[in-house]
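Chains A and B are the protein sequences, given in the same order.
The opening position of the first sequence corresponds to residue 0 in numbering that gives the first Met the number 0, with each subsequent residue numbered one higher.
The opening position of the second sequence corresponds to residue 0 in numbering that gives the first Met the number 0, with each subsequent residue numbered one higher.
Don't read these hints as lab results, they were simulated from the structure.
Just so you know, not all the hints are guaranteed correct.
Said to hold, decoys possible - Below, a sample of chain B positions facing chain A; criterion: calculated Cβ distance under 7 Å:
hint, residue
1, Asn390
2, Arg439
3, Arg456
As the list claims (entries may be wrong) - The following label-pair restraints were derived from C-beta to C-beta distances:
hint, chain 1, residue 1, chain 2, residue 2, range
4, A, Gly18, B, Leu407, 54 to 62 Å
5, B, Lys125, A, Ala464, 51 to 59 Å
6, B, His333, A, Leu278, 47 to 55 Å
7, A, Ala326, B, Phe311, 50 to 58 Å
8, B, Asp318, A, Glu128, 30 to 38 Å
9, B, Ser279, A, Gly139, 53 to 61 Å
10, B, Leu407, A, Ala15, 40 to 48 Å
11, A, Met459, B, Ala309, 49 to 57 Å
What the hints assert, rightly or not - With a straight-line Cα cutoff of 20 Å, these simulated DMTMM-like cross-link-like pairs (lysine to aspartate or glutamate) come out:
hint, chain 1, residue 1, chain 2, residue 2
12, A, Lys409, A, Glu373
13, B, Lys343, B, Glu265
14, B, Lys61, A, Asp452
15, A, Lys61, B, Glu265
16, A, Lys350, A, Glu366
17, A, Lys343, A, Asp440
18, A, Lys61, B, Glu450
19, A, Lys350, A, Glu297
20, A, Lys61, A, Glu8
21, B, Lys61, A, Glu450
22, B, Lys350, B, Asp280
23, A, Lys369, A, Asp183
We treat Cβ as the ideally placed atom computed from N, Cα and C, and that holds for glycine.
Protein chains: 2
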Amino acid sequence: MDIPGPRPELLDRFAAIVGANHVLRDSNDLAPHLVEGRGLYRGASPMLLKPGSTQEVSAILKLASETGTPIVPQTGNTGLVGGQTPRAEGTDLILSLERMNRIRDVDPVANVLVADGGAILADVQKAAEAVDRLFPLSLGSEGSCRIGGNLSTNAGGTAVLAYGNMRQLCLGLEVVLPTGEIWDGLRRLKKDNAGYDLRDLFIGAEGTLGVITGAVLKLFPQPRGHQVAMAGVNSPEDALRLLETASTLCGTSLTGFELMPRIGIEFSVRHTEGVRDPLSDPHPWYVLIDISTSDSAETAERMIQTLLEAGFESGLIRDAVIASSVAQQKALWHMRESLSDAQKPEGGSIKHDVSVPVSKIPAFMAEADKAVLEAVPGARICAFGHLGDGNIHYNISQPVGADKAEFLAKWRMINDIVHPIVLAAGGSISAEHGIGQLKRDELAHIRSPIEMDLMRRIKMAFDPAGIMNPGKVVSVP
Amino acid sequence: MDIPGPRPELLDRFAAIVGANHVLRDSNDLAPHLVEGRGLYRGASPMLLKPGSTQEVSAILKLASETGTPIVPQTGNTGLVGGQTPRAEGTDLILSLERMNRIRDVDPVANVLVADGGAILADVQKAAEAVDRLFPLSLGSEGSCRIGGNLSTNAGGTAVLAYGNMRQLCLGLEVVLPTGEIWDGLRRLKKDNAGYDLRDLFIGAEGTLGVITGAVLKLFPQPRGHQVAMAGVNSPEDALRLLETASTLCGTSLTGFELMPRIGIEFSVRHTEGVRDPLSDPHPWYVLIDISTSDSAETAERMIQTLLEAGFESGLIRDAVIASSVAQQKALWHMRESLSDAQKPEGGSIKHDVSVPVSKIPAFMAEADKAVLEAVPGARICAFGHLGDGNIHYNISQPVGADKAEFLAKWRMINDIVHPIVLAAGGSISAEHGIGQLKRDELAHIRSPIEMDLMRRIKMAFDPAGIMNPGKVVSVP
C-alpha cells in the first residue's frame with residue numbers, strides 16, 4: 000500500500016520526540032480526529048502526536064519547519080468550520096494538546112488563572128469556582144472544548160454581553176511559533192504598553208500562526224444575585240427598544256438578552272422534553288433577559304422588577320414571567336438553548352452565523368425575510384440569538400411537506416441571498432465560529448484586497464515555511 | 000543656508016496635496032510641534048502637513064513611500080515618550096490630524112460613536128453625554144489629546160479598572176497604511192471572527208504601522224449612582240486585601256481604587272491649593288475608592304456603606320470618609336490627581352511608569368523601597384497610583400536638602416535598580432505611556448529576541464519603505 004504524506008523515517012523522527020506511547024498511527028485510533036462534529040469535513044493523516052510539554056511542541060514544530068511537514072493543531076475537536084481537521088491529501092500531521100491539560104496556577108487576589116492550552120474549559124470554570132471566582136466563558140461544548148481552541152477561535156458563547164469574548168478574557172499567552180521558537184508572553188498585567196500586540200494576533204488566528212500552549216485568563220467575582228425573565232414582545236423593533244431600556248437601567252449587570260421568534264418556541268415546545276409554553280398567550284417574539292449582580296441578591300431582584308415595570312409602562316412588553324427558582328431559570332435557558340436541535344425534526348435547516356450592528360437587526364431581518372420568502376415560498380424562518388451582541392443565528396427551516404434534500408440543495412443559493420444583506424448592513428458572515436476551511440474562499444471575496452494582503456503578509460512573516468495549519472483562514476502562494 | 004531633509008521641490012509636491020493654507024513651513028509656526036510636553040525630546044522638521052481627509056492622508060503616505068520620506072503622525076502632542084516628536088536630523092515631515100476632528104456619527108442604540116482620528120477626546124465625551132451615554136476614557140490631557148493618539152498609545156487613565164483601556168473601547172478602525180492604501184475596518188460589531196485581528200495591531204503601535212484616521216468607539220450607559228470615599232489603611236498589604244473585598248462586593252461597579260502614601264498626602268496638603276488633610280488623624284497609607292452604579296443612586300450608597308463596614312469590621316480600615324457632595328467627590332479626586340505636581344516643590348523627582356500583577360504590588364514596593372533607600376539614603380519614596388490595575392507611579396523625591404541636579408543625575412541608576420525588580424515580578428516598565436523614543440533601546444534589552452524579531456517582521460511587512468514614524472518602538476535594519 001502506498002502511504003501518502005511524509006515518509007516513515009520522518010514519521011519515526013516525529014514519534015521519537017513524544018515517545019511511542021503518545022503517538023497514534025493506527026487508522027482506527029486516528030479516525031475520530033479526522034472528522035469534525037457536523038461531518039462537513041473529513042481529512043486524512045498518517046499520525047497524531049501528543050506532546051507532554053511546551054518543549055516537545057517546540058521540537059515538533061522545529062522539525063516540521065525544517066522538513067516542510069504540515070502540522071494541524073487540535074484541542075477538543077469541537078470547531079464548526081473545519082479549522083482543526085487535516086486536509087484530505089494525507090500530508091498533515093495532527094498535533095493534539097490533550098495531554099497538556101493542567102491548571103498551572105490560580106490567583107484569586109490578582110483575579111488570574113494560568114492554564115495549559117489543552118486544559119478543558121469546564122475544568123477552568125471549576126478551578127475558578129473553587130476560589131469563589133467566575134471564569135465567564137460558557138459554551139455548549141464546555142465539557143470537551145479546550146482553552147487553546149477557545150483562544151484560537153476567539154470563542155463567544157452566552158456571556159459575551161457582559162464579559163466579552165475570549166479575546167477580552169485573556170491577559171497573556173505562551174505560543175510555540177511555526178519555527179519551533181517559544182514566545183513567552185504569559186503576562187498577568189492589565190496594563191502593558193510595550194510594543195505591538197502579539198497576543199491578539201494569535202487569538203483568533205485558528206492555529207495558522209503558531210500553537211497556543213499556555214494562557215493567563217481573567218477571573219471575575221462570582222455574582223451574588225441572578226434573575227432570569229421571559230417577556231413576550233410584538234416585534235424585533237420592540238425587543239431592541241427594550242434592550243436599550245435594559246442597558247440603561249442595568250448597565251453591566253445585564254448578562255444576557257436573547258431574542259426568539261414564536262415559531263422557535265413552538266418547535267421547542269413540540270420537540271424538547273420538559274419545555275412548556277412560557278406565557279399563557281402566544282406572542283410574535285420573545286426575549287430572554289438575564290441579570291447578574293455582584294453586590295447582593297436583592298439588587299438583581301429590584302433590577303429585574305424595575306426593568307419589567309418600565310417595559311410594561313412603555314408598552315414594549317405584552318406579558319412576562321420571572322423565574323422563581325434556579326430550576327425555573329435553567330428551564331428558561333434550556334428552551335433558548337434547545338432552539339437549534341428543535342429545528343431538526345422539522346426537516347432541513349439552512350444556517351447562518353451572522354452579526355450586524357445591534358441597531359440594524361430589525362431592518363436586516365425584515366429585508367432578509369422578504370428575500371428568502373421570495374426565493375423559497377413557505378420557508379419557515381427561525382432567526383434567534385444574542386440580540387445584545389448583534390449576533391443572530393439566521394436559520395431557515397424547510398416549508399412544511401417539502402423534500403429535505405431538495406431544500407438543502409439551496410444552501411449556497413440562500414447564503415448568496417442572506418450574506419450580501421448582512422454585508423450591506425456592515426455585518427459579518429462569521430460572528431463566532433471563525434473561517435477555517437468552510438468560509439476561507441468566501442472571506443477572500445468579501446474582504447478588501449488590502450485586508451487580505453495584510454493577512455497574507457502576516458502569515459508569511461510568522462510562518463515562512465508554510466507548515467502551520469495550511470489551507471485555513473488565508474491561502475498563501 | 001543648507002536646508003536639511005527633503006528638497007524644496009519634493010516639499011512643494013507634499014504641500015500641493017493639502018493646499019498652501021494647510022501647511023506650516025515657518026520655523027516659528029513649526030516650533031510647538033517639534034518638542035513634547037516634558038521637554039525631553041526636541042526634533043527638527045521642514046514641514047507640517049494638515050490633511051483634511053483620509054484621501055489626502057493617503058496621497059501624502061503614497062508620495063512618502065515612493066520618495067522614501069519619513070512621516071511622523073501627530074495629534075494632540077501630549078505623549079510622554081517622544082513618539083510624536085520628529086527626529087533631530089530634520090528629515091521627517093509631520094502629519095497633523097488636527098483638521099480631521101469630526102464626530103462622524105453617534106448611535107446610542109448600538110452604543111457606538113464614530114470619530115475622525117483627530118477628534119479631541121473631550122469632544123467625544125461630550126457627544127456621548129449629549130445622548131445620555133458615557134465614553135469612559137478619562138485623562139488629564141482630555142481637553143487637547145486626540146482619538147488617533149489615544150488609540151496609537153492604547154491610552155489608560157482613571158477608568159481602566161471598570162472599562163478597560165483604549166483597546167477595549169474600540170470596535171473598528173480606518174487606517175492609512177504606509178503605502179497610502181486605505182484599510183476600511185470601521186466595523187461596529189461586537190462579534191466578528193473573520194481573519195486576523197488587524198485592529199489591535201494598529202492600536203498601541205504608536206504610529207509606526209500606519210495612520211489611524213477614523214475609529215468606531217464603544218459607548219456605555221451613564222451611571223445613575225456615584226460615590227467616592229477615602230480610607231486610611233496600615234499598609235499596601237491591607238490596601239490589597241481591601242481591594243479584594245471591594246472587588247467581591249462591588250464587582251464591575253468598582254470604578255476606581257487608588258493607593259497613596261502618607262507622604263503624598265502631606266505634599267498635596269502643603270503645595271496644592273484647596274487640599275486639606277482628608278481624615279482627622281494621619282495614616283500610613285490612603286485608598287481612594289470610586290463606585291459607579293448603573294441602576295440607581297441608592298445602589299451606590301448602599302454599596303459604599305457595605306464596603307466600608309466590611310473594611311472596619313475586618314480591621315483593614317483605620318478611618319474613612321464618604322464624600323457627601325459632588326464638590327467633595329471632586330476634592331478627593333483632585334488630591335489624588337495633584338500628587339504628581341505636588342512633588343515638584345519638594346525638589347527633583349525620579350519617575351517610573353510601571354505595572355506588576357496586582358497581587359505582587361506590596362512585595363514589589365517593599366523590595367524596591369529597600370534597594371532605593373540603600374542606594375540613596377533619605378530619598379522620599381512617593382509611590383501612588385491605580386492599585387486596581389497593578390499600575391504604580393513609583394516616584395522618588397530627593398532627600399530633604401539634597402542638590403536637585405545631583406539627585407536627578409541618578410535617574411538612570413535608579414531605573415536600573417527599580418526596573419529589574421519590576422521585571423522579576425512579571426511586570427512592565429511601560430504600563431500606560433508607551434515606548435516611543437524614550438524606552439526603545441530598553442525594550443530591545445528586556446524583551447526576548449524572538450519577541451523583538453516578531454515585531455520587526457511585522458514592521459517590515461507593513462512598512463517596507465520604512466517611512467512610518469521611524470526610530471520609534473522598534474528599530475529595523
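Right, here's what the structure says about each hint:
With a cut of 7 Å, the hint placing Asn390/B at the interface with chain A holds, because the nearest CB-to-CB distance is about 5 Å. A distance limit of 7 Å between C-beta atoms decides the matter here; for Arg439/B the minimum to chain A is near 10 Å, and the interface restraint is violated. Among the interface hints, the one on Arg456/B holds; its C-beta lies about 4 Å from the nearest C-beta in chain A, closer than the 7 Å criterion. Checked against the given bound of 54 to 62 Å, the beta carbons of Gly18/A and Leu407/B, roughly 59 Å apart, stay inside it.
Range check, Lys125/B to Ala464/A: Cβ separation about 52 Å, and the 51 to 59 Å hint holds. In this structure, His333/B and Leu278/A meet the distance hint of 47 to 55 Å, their C-beta atoms being roughly 53 Å apart. At roughly 39 Å, the beta carbons of Ala326/A and Phe311/B sit outside the given window of 50 to 58 Å. With their beta carbons about 36 Å apart, Asp318/B and Glu128/A fall inside the hinted range of 30 to 38 Å.
Separated by about 57 Å at the C-beta atoms, Ser279/B and Gly139/A satisfy the suggested range of 53 to 61 Å. For the pair Leu407/B and Ala15/A, the supplied restraint of 40 to 48 Å is violated, since their beta-carbon distance comes to about 59 Å. Between Met459/A and Ala309/B the beta carbons are some 55 Å apart, a value that agrees with the proposed interval 49 to 57 Å. In summary, the hint linking Lys409/A to Glu373/A is supported, as the alpha carbons are separated by about 13 Å, within the 20 Å threshold.
Distance check on the hinted pair: Lys343/B and Glu265/B sit about 13 Å apart at the alpha-carbon level, within 20 Å; holds. With a CA separation close to 17 Å, the supplied pair Lys61/B and Asp452/A stays within the 20 Å bound. Proximity of Lys61/A to Glu265/B is assessed by CA-CA distance (about 58 Å); at most 20 Å being required, the pair is judged violated. With a C-alpha separation of about 17 Å, the suggested pair Lys350/A and Glu366/A falls inside the 20 Å cut-off, and the hint holds.
In summary, the hint linking Lys343/A to Asp440/A is not supported, as the alpha carbons are separated by about 28 Å, beyond the 20 Å threshold. Annotation: proposed proximity of Lys61/A to Glu450/B holds, straight-line Cα distance about 17 Å (limit 20 Å). Distance restraint check for Lys350/A and Glu297/A: the Cα-Cα separation of roughly 40 Å exceeds the 20 Å cut-off, and the hinted pair is therefore not satisfied. Annotation: proposed proximity of Lys61/A to Glu8/A holds, straight-line Cα distance about 16 Å (limit 20 Å).
Between Lys61/B and Glu450/A the CA atoms are separated by roughly 17 Å; this keeps the pair inside 20 Å, and the hint holds. Distance hint between Lys350/B and Asp280/B is unfulfilled; the C-alpha atoms sit about 29 Å from each other, more than 20 Å. This hinted pair does not check out: Lys369/A and Asp183/A have alpha carbons roughly 52 Å apart, beyond 20 Å.
Of the numbered hints given earlier, the model fails hints 2, 7, 10, 15, 17, 19, 22, 23; all others are met.
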